[in-house]
Amino acid sequence: MDDLELPTEEQMQAMKDEINKVVQEEIKQKKFDQLLDKLTPHIENIVLKYFTYLSQYFRAKEYKFNPTGLVTVNTQQEITGTKIFDKFSIKDGTANQLLLANGETVDVGDYLPKQFPHAMGQLIVEPDSDIRNQGLRLMKNKANWDSFVLTGCNVDPENRDGVWKMGSTSSQFRIQKQEDQAYDIKGLVIDFDCISLKFNNQLVAPLPSPPIDYAIYQSIAYGMYEHLIWGTLTAQKDRVYISLLITHSDPNTLTESGYTMFSIVNDDIKPKFTGTQHNIPINAVMFAQKVIGYPICWNGAIPIDCFIDPQGHVKINTQCQLHLPDDFCVQFCDSYAIYNQSS
0 MDDLELPTEE QMQAMKDEIN KVVQEEIKQK KFDQLLDKLT PHIENIVLKY
50 FTYLSQYFRA KEYKFNPTGL VTVNTQQEIT GTKIFDKFSI KDGTANQLLL
100 ANGETVDVGD YLPKQFPHAM GQLIVEPDSD IRNQGLRLMK NKANWDSFVL
150 TGCNVDPENR DGVWKMGSTS SQFRIQKQED QAYDIKGLVI DFDCISLKFN
200 NQLVAPLPSP PIDYAIYQSI AYGMYEHLIW GTLTAQKDRV YISLLITHSD
250 PNTLTESGYT MFSIVNDDIK PKFTGTQHNI PINAVMFAQK VIGYPICWNG
300 AIPIDCFIDP QGHVKINTQC QLHLPDDFCV QFCDSYAIYN QSS
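Numbering (numbering that gives the first Met the number 0), first residue to last: 0 to 342.
Any given hint could turn out to be false.
Taking lysine-lysine pairs in the DSSO-like style, the calculated list, with each CA pair at most 27 Å apart, reads [unchecked claim]: (1) 48 with 37; (2) 271 with 289; (3) 314 with 271; (4) 236 with 197; (5) 269 with 236; (6) 30 with 20; (7) 37 with 27; (8) 314 with 269.
Keep in mind that the hints were calculated from the coordinates and are not lab data.
Computed from a prediction, not measured in an experiment: that's the story for all the values here.
Generate coordinates for the entire structure from the input sequences, incorporating the hints supplied.
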């Protein structure tokens, strides 16, 4: 034991350092184990996500997935296939616009589709590519309720020659030439209430009750030797009716020629002619024997020629040229047309 040497101070320090080192290593190992226990779940989760990503990545590579096929904003893209959208709108678009297949927009009023019968415009029916054979044009205008069918259309739609227009306005139904459309009275017109029918503003139906044409008594003029015993001269419609008994008394009657018994006063009922004027015969009988004591009783009936001339003078004896007595009586019973057609 005497030979046992005590370690030196340096040796003691070296052993102390060695012990401390071992202790520190144990402490570090223990902390590492604790830390590893804590980090293991997180590491496993990260590794799982990483392998999931790798799996998706290689699957995308396998099916050649192209992320550029996604629809993106602010880029010009061409989309193929069928796409269904709940709603589609045009930037700054209005309810009166239609989107065409080429991307342009037009006003709804430029078309007249059957789904929108109130659209303003017109529809032209063409049997072939030659516009001259279009034949039929349909028009509808919401602004004034007009709706028409046009037939016989020309090459130039503005050319209205020979075009007939049939349809309704807000107040009537018309059939008229299109060139007369500015005139409400032209053509065949049925009023809004379907009560009257007019053609060129002349009432066709219902026919008005014809006015009562009263016979009008007319005045006559006769000479100082003539006297009206009885009868009248009347005008009704376009005809004059004569029923008169006129006497003549002149002690100095010396005539074997025509003699005027009376004249028409009203120029409106004097005979009128479309061509050459002529005299119109009138039935007349002359009585040459007066019955004494009976002013209106005459005997000795003699048929005698009589006529009315265009000036309205009624004359006798122009053809017979009898020697007229001082006293005689003439009975007139006939009628004549005011308006006469002559060559």
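Hint by hint, here is what the structure shows:
1. 48 with 37: Roughly 18 Å separates the two Cα atoms, so the pair holds.
2. 271 with 289: Violated: residue 271 and residue 289 sit about 37 Å apart, past 27 Å.
3. 314 with 271: 18 Å, holds
4. 236 with 197: 25 Å, holds
5. 269 with 236: 13 Å, holds
6. 30 with 20: 15 Å, holds
7. 37 with 27: 15 Å, holds
8. 314 with 269: Since the Cα atoms of residue 314 and residue 269 sit roughly 14 Å apart, the hinted pair holds (cutoff 27 Å).
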